[in-house]
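Based on the hints, put chains B and E in the right spot on chain U.
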Amino acid sequence: MKYESVIGLEIHSQLSTKSKMFCSCSTSFGKKQNTNICPVCSAQPGSLPSVNGKAIEYAVKTALAFNCKINKNSIFARKNYFYPDLPKGYQISQYEEPLATFGWINITTKDNLEKKIGITRIHLEEDAGKNTHNYDGSLVDLNRAGVPLIEIVSEPDMRTPEEAVAYFKKIRTVLQYLEVCDCNMEEGNLRCDVNVSVMEKGQKVFGTKVEVKNVNSFRFVEKAINYEIERQIKIVEAGEKVQQETRLFDSSSNITKSMRKKEEANDYRYFPEPDLIPLVLDDSFIDHQSTTLPELPDKKKERFIKSFSLSNYDAAVLTSEKDISKYYEELVSLVGDAKSCSNWMQTEVLRALNEQKIEIVKFGMPPKQLSSLIKLVLSGEINQGTAKEVFNEMLATELSADQIIEKKGLKQISDPTAIEKIVEEVIKESPSQVEQYKSGKVALMGFLVGLVMKKSKGKANPAIVNELLKKKLN
Amino acid sequence: MDILKYSIPKIAKMLREKKISSQELTSFYLNRIKNNKKLNAYITVLEDSLDIAKSIDNAGVKEKDPVLKGIPYSLKDNMLVKGIRTTCASKILENYTANYNSTVAQRLNDSGAVLLGKTNLDEFAMGSSNENSFFGPVINPWNHKHVPGGSSGGSAVSVSAGLSQFSYGTDTGGSVRLPACFNGIASIKPTYGRISRYGIIAFASSLDQVGPMARNIEDLAIAYDVVCGPDSKDQTCSIKAKESMYDFLSSDKASFEKSFSKKKIGIPRDMIKEGVSEDVLKSLDESINVLSKMGFDFVDVKIPNSKYALDVYYIIATGEASSNLSRYDGIHYGYRSKNNKDLDALYSYSRGEAFGDEVQRRIMLGTFVLSAGYYDAYFSKAAKVRTLIKNDFNNAFNDCDMILMPVSPVTAFKLGEKTSDPLTMYLSDVFTISVNLAALPSLGFPSGFDKTGLPVGMQLIGKHFDESSLFSAAKMIQEKKPEWFNNVAQEKDSVK
Amino acid sequence: MKITGDLVDKIAGLAHLDVTKKNKSLLAEQLTQIVEHMRVLDQVDVSNVEPMFHGCIETKPLRKDEVAPFEHELIMSSATVTQDNYFTVPSIIDGENE
Chain U
1 MKYESVIGLE IHSQLSTKSK MFCSCSTSFG KKQNTNICPV CSAQPGSLPS
51 VNGKAIEYAV KTALAFNCKI NKNSIFARKN YFYPDLPKGY QISQYEEPLA
101 TFGWINITTK DNLEKKIGIT RIHLEEDAGK NTHNYDGSLV DLNRAGVPLI
151 EIVSEPDMRT PEEAVAYFKK IRTVLQYLEV CDCNMEEGNL RCDVNVSVME
201 KGQKVFGTKV EVKNVNSFRF VEKAINYEIE RQIKIVEAGE KVQQETRLFD
251 SSSNITKSMR KKEEANDYRY FPEPDLIPLV LDDSFIDHQS TTLPELPDKK
301 KERFIKSFSL SNYDAAVLTS EKDISKYYEE LVSLVGDAKS CSNWMQTEVL
351 RALNEQKIEI VKFGMPPKQL SSLIKLVLSG EINQGTAKEV FNEMLATELS
401 ADQIIEKKGL KQISDPTAIE KIVEEVIKES PSQVEQYKSG KVALMGFLVG
451 LVMKKSKGKA NPAIVNELLK KKLN
Chain B
1001 MDILKYSIPK IAKMLREKKI SSQELTSFYL NRIKNNKKLN AYITVLEDSL
1051 DIAKSIDNAG VKEKDPVLKG IPYSLKDNML VKGIRTTCAS KILENYTANY
1101 NSTVAQRLND SGAVLLGKTN LDEFAMGSSN ENSFFGPVIN PWNHKHVPGG
1151 SSGGSAVSVS AGLSQFSYGT DTGGSVRLPA CFNGIASIKP TYGRISRYGI
1201 IAFASSLDQV GPMARNIEDL AIAYDVVCGP DSKDQTCSIK AKESMYDFLS
1251 SDKASFEKSF SKKKIGIPRD MIKEGVSEDV LKSLDESINV LSKMGFDFVD
1301 VKIPNSKYAL DVYYIIATGE ASSNLSRYDG IHYGYRSKNN KDLDALYSYS
1351 RGEAFGDEVQ RRIMLGTFVL SAGYYDAYFS KAAKVRTLIK NDFNNAFNDC
1401 DMILMPVSPV TAFKLGEKTS DPLTMYLSDV FTISVNLAAL PSLGFPSGFD
1451 KTGLPVGMQL IGKHFDESSL FSAAKMIQEK KPEWFNNVAQ EKDSVK
Chain E
2001 MKITGDLVDK IAGLAHLDVT KKNKSLLAEQ LTQIVEHMRV LDQVDVSNVE
2051 PMFHGCIETK PLRKDEVAPF EHELIMSSAT VTQDNYFTVP SIIDGENE
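Protein chains in written order, with the numbering used here: chain U, 1 to 474; chain B, 1001 to 1496; chain E, 2001 to 2098.
So here's chain U without its partners, still in its complex pose (with noise of 0.2 Å):
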């Protein structure tokens, strides 16, 4: 490959607070259109924004686990540009002192290799309302104007289209785990602008950037970014200049398009919001956010690593998702076996989270009940086969795994008197079999063993078999 590309991404994440960030609206999504409104965020005269507090407490902890420096002194601003969805005519933004600057986070890359990505800026600002198009014109629903919104500016870091996906995971992961967003992305909560240009390999200039607007999945970040990059290289080898210009993903089509917006549209006329007094936060307001601060992904990874003695693979994937490492946590606290736990986690419960389709909270069997399960088979009560089989049949009738053992008798044979008698039958019923072991055919004995489990119903204490059947034919 002759190229390179060079990826940022600009993160817009919506605050979790109750209300918007300037007025007392509620942020709960899916009410009827234009219900949560009011002089404020639908702009009427005279009307004035007072800043939400929850809203910054929020953005402050998110800035510090992205190890950002935070502004003691930030501004709000104002970007001018008429649209129907922004009824004030201009969004509150932050422009020149924004939130937090200077911060970083690492990813793993495919090689299994930590890089870390840079963040140019965090800073505060409030969502836009929401068009929808109809045969005579467009119609305008306010809810969504003025919903708190972070934006997370990266540095122009990633060099594959798979860094950048590794990338926006991660700060989804961190959100989630700082409880600060939903991170619902067909709700919106999470929204995506790519910044993708292309050069040649070695180079030290970059190319001219393209930026890839509204890309809402992991999914579709790769697409456009590798679509993109096809794009630019195909200009590029045909002797041409990319344009600097802003596209729109088309996820129907896998494409980008030229959103041919005028010139002139792009002076956003900033200057400091002269209705909001400069933003000060003192030493112990941000020193209390950061004492505050959850356990972190990575620092949660290294200590399931440390204390549960997992390996790398195992830890990353139970610190995905801050539910998942909670459900595991509390399996672990119920079972003590944190091995068997991982195990669990990893075959049956993020399986079955996958046919399903739903969300680990969302998930029908709560850790007590798994835990009574895996201690069945640490117990010996059941074996792994079984087991399994009790898993899904639990999952399905809702059932626990006591109850289900007991109505279909699936409780493992251990008593040896009982076992012996099936094993006695066994040798009765195969003398061939057991005429050629004697001779030497020792391979036979997992075929002697077979025939005990199956006679069992496989319930037969496996261990027992072996040792009973050993001791008959030695």
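These are calculated hints, taken from the structure and not from any lab test.
Heads up, a few of these hints could be off.
[Stated by the list, open to error] So the derived label-pair ranges between C-beta atoms look like this:
hint: 1; chain 1: E; residue 1: 2071; chain 2: U; residue 2: 285; range: 53 to 63 Å
hint: 2; chain 1: B; residue 1: 1241; chain 2: U; residue 2: 206; range: 54 to 64 Å
hint: 3; chain 1: B; residue 1: 1144; chain 2: E; residue 2: 2064; range: 32 to 42 Å
hint: 4; chain 1: E; residue 1: 2060; chain 2: B; residue 2: 1299; range: 48 to 58 Å
hint: 5; chain 1: U; residue 1: 109; chain 2: B; residue 2: 1394; range: 51 to 61 Å
hint: 6; chain 1: E; residue 1: 2067; chain 2: B; residue 2: 1248; range: 39 to 49 Å
hint: 7; chain 1: E; residue 1: 2071; chain 2: B; residue 2: 1251; range: 55 to 65 Å
hint: 8; chain 1: E; residue 1: 2064; chain 2: B; residue 2: 1241; range: 17 to 27 Å
hint: 9; chain 1: B; residue 1: 1394; chain 2: U; residue 2: 285; range: 28 to 38 Å
hint: 10; chain 1: E; residue 1: 2067; chain 2: B; residue 2: 1281; range: 51 to 61 Å
hint: 11; chain 1: B; residue 1: 1095; chain 2: U; residue 2: 135; range: 21 to 31 Å
hint: 12; chain 1: E; residue 1: 2064; chain 2: B; residue 2: 1451; range: 52 to 62 Å
[Claimed, not checked] Computed from the model, here is a short list of chain U residues facing chain E with C-beta under 7 Å:
hint: 13; residue: 19
hint: 14; residue: 30
hint: 15; residue: 34
hint: 16; residue: 37
hint: 17; residue: 50
hint: 18; residue: 52
hint: 19; residue: 84
hint: 20; residue: 131
hint: 21; residue: 140
hint: 22; residue: 141
hint: 23; residue: 280
hint: 24; residue: 284
hint: 25; residue: 286
[Claimed, not checked] Far from chain U, some chain B residues (derived; all Cβ distances over 12 Å):
hint: 26; residue: 1208
hint: 27; residue: 1234
hint: 28; residue: 1237
hint: 29; residue: 1351
hint: 30; residue: 1417
Here a beta-carbon is modelled for each residue, glycine too, at the ideal position from N, C-alpha and C.
Okay, now just chains B and E, sitting in the frame of chain U:
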């Protein structure tokens, strides 16, 4: 009974003694409004204010009730009163009904004062003569060929012509003090942040401040007291607890006169040079005389950067205004052009057809000073020179406690005299705008009349949040010069 | 600094004001005159001077995150044109969201 001679405390007493009713007061003013329609002071007159007065009378005005209960007033039509049309004197809001109360209106409503109507103004408070109204110019009641001053011309006229007991305007660069001066009444532009701007239609957010107007200092103090104080809905409104100016003025007179014996008043001679009329200069000398006799000392102070104030002001005010007025877009409320084939047409025709010339000129100017390539040389530069002006005042206040100067270089000019030349019109504000830029309080008081019988006015500028010094001095001036106060304008041909 | 007809058009475009029917040359002339007057600021030395963008600078408590519903019907009833409780505008062809 001559209601127009009475102050608010006197009327409040009469209401409690049942010597007068709120209905009598209200219909008295409503009649005068009707008989003086040609002054064009009101955009909307609230006939049902009589019903409100009636319910107040029925309930009876009690001793403990707020002093303003049952007393009629008017509001500039850029302050929102829920359920009442608020036009800002613009075609773009011609039919707009406010859907919430401004904090000012809410507090007045809570006090039981009776709102007579919404007064005329320069469109979006942009103007110095009140000739820029969609509803036509306001007329100066002292001489009908002259302007009343702007932008709160209707409010000033409602007080000076006896069409309300007291009123409120907004002052961005002198819009309360200038019309009050041209009308011979008292006014105050408080420290920025004293009065909530919530529900006041913004012109320039970092400069706008509500200001009361009245025929005497007691009324002014009461009108000031009721609306000032912290408001969580306006983050630029100060959290400093309010102190009652009326209570302060009514306190032991001897002690506050004594506390003033050593106070110094600065005169910025370097500002009061070119273009100041002889009558105004004479009046300034007379005010100095009065104040000297009361024991004040005078010093010369310098505000060197005030020579840039006009330019700084027109950059900052128009820059902010260009953004503040973006919400009038024909989409969410207000005038929508029929010429709306596409979105761009809807925007530019709605705004182009409904904003008046002066508003458009200022939007253009404001858009220019904020635009790419010009922001640093204009908007950002102006904000820095603004700091220098504020510092000049701070330095001056090291040598004095208050500053005295005229409100305007001239008395009320003729209608149409300056409309063709925006820059000359802007120069009317040359003495008032520095105060807004520095966010200081300034109390305007009437100081007699010029040769032609038009009122002259002075202003006392104070330190940040030191309104009490201004009120005290003004009260003392009123005692020495009662003939300057409680005047009701009556041109020969006006109907009483 | 001369405000030319082209610059007037550009500013009017940004401000979304239709000035075609107005006397554009008079507007250009008036704006030029005002802007020329403003060049007086060029002579002021403002190095190391902080800009003053706000009228009041005071630290104060921020708003609590509490929901207070508003009579939203009032807002929709003062809207210019509505359809099914939406504000309406001519069709927007380009660009979802800024």
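Evaluation of the provided hints:
1. E/2071 <-> U/285: 53 to 63 Å: 35 Å, violated
2. B/1241 <-> U/206: 54 to 64 Å: Between residue 1241 of chain B and residue 206 of chain U, where Cβ atoms are some 56 Å apart, the hint holds.
3. B/1144 <-> E/2064: 32 to 42 Å: Since residue 1144 of chain B and residue 2064 of chain E have Cβ atoms about 54 Å apart, the given range 32 to 42 Å is violated.
4. E/2060 <-> B/1299: 48 to 58 Å: 35 Å, violated
5. U/109 <-> B/1394: 51 to 61 Å: 58 Å, holds
6. E/2067 <-> B/1248: 39 to 49 Å: Between residue 2067 of chain E and residue 1248 of chain B, where Cβ atoms are some 40 Å apart, the hint holds.
7. E/2071 <-> B/1251: 55 to 65 Å: 43 Å, violated
8. E/2064 <-> B/1241: 17 to 27 Å: Holds - the Cβ-Cβ distance for residue 2064 of chain E and residue 1241 of chain B, about 20 Å, lies within 17 to 27 Å.
9. B/1394 <-> U/285: 28 to 38 Å: 30 Å, holds
10. E/2067 <-> B/1281: 51 to 61 Å: This hint holds: roughly 59 Å between Cβ atoms.
11. B/1095 <-> U/135: 21 to 31 Å: 29 Å, holds
12. E/2064 <-> B/1451: 52 to 62 Å: 60 Å, holds
13. 19: 5 Å, holds
14. 30: With Cβ-Cβ at 15 Å, over 7 Å, it is violated.
15. 34: Holds, about 5 Å.
16. 37: Residue 37 of chain U check passes; min Cβ-Cβ to chain E is 5 Å, inside 7 Å.
17. 50: 5 Å, holds
18. 52: Residue 52 of chain U check passes; min Cβ-Cβ to chain E is 5 Å, inside 7 Å.
19. 84: 5 Å, holds
20. 131: 6 Å, holds
21. 140: With Cβ-Cβ at 4 Å, under 7 Å, it holds.
22. 141: Hint holds; residue 141 of chain U Cβ to chain E Cβ min 6 Å, cut 7 Å.
23. 280: With a closest approach of 5 Å, the residue 280 of chain U hint holds.
24. 284: Interface hint status for residue 284 of chain U: violated (13 Å vs cutoff 7 Å).
25. 286: Constraint on residue 286 of chain U not satisfied, violated at 14 Å.
26. 1208: Violated, since 9 Å does not exceed 12 Å.
27. 1234: 5 Å, violated
28. 1237: 9 Å, violated
29. 1351: 10 Å, violated
30. 1417: 31 Å, holds
Comparing the model with each earlier hint shows violations of hints 1, 3, 4, 7, 14, 24, 25, 26, 27, 28, 29; every other hint is respected.
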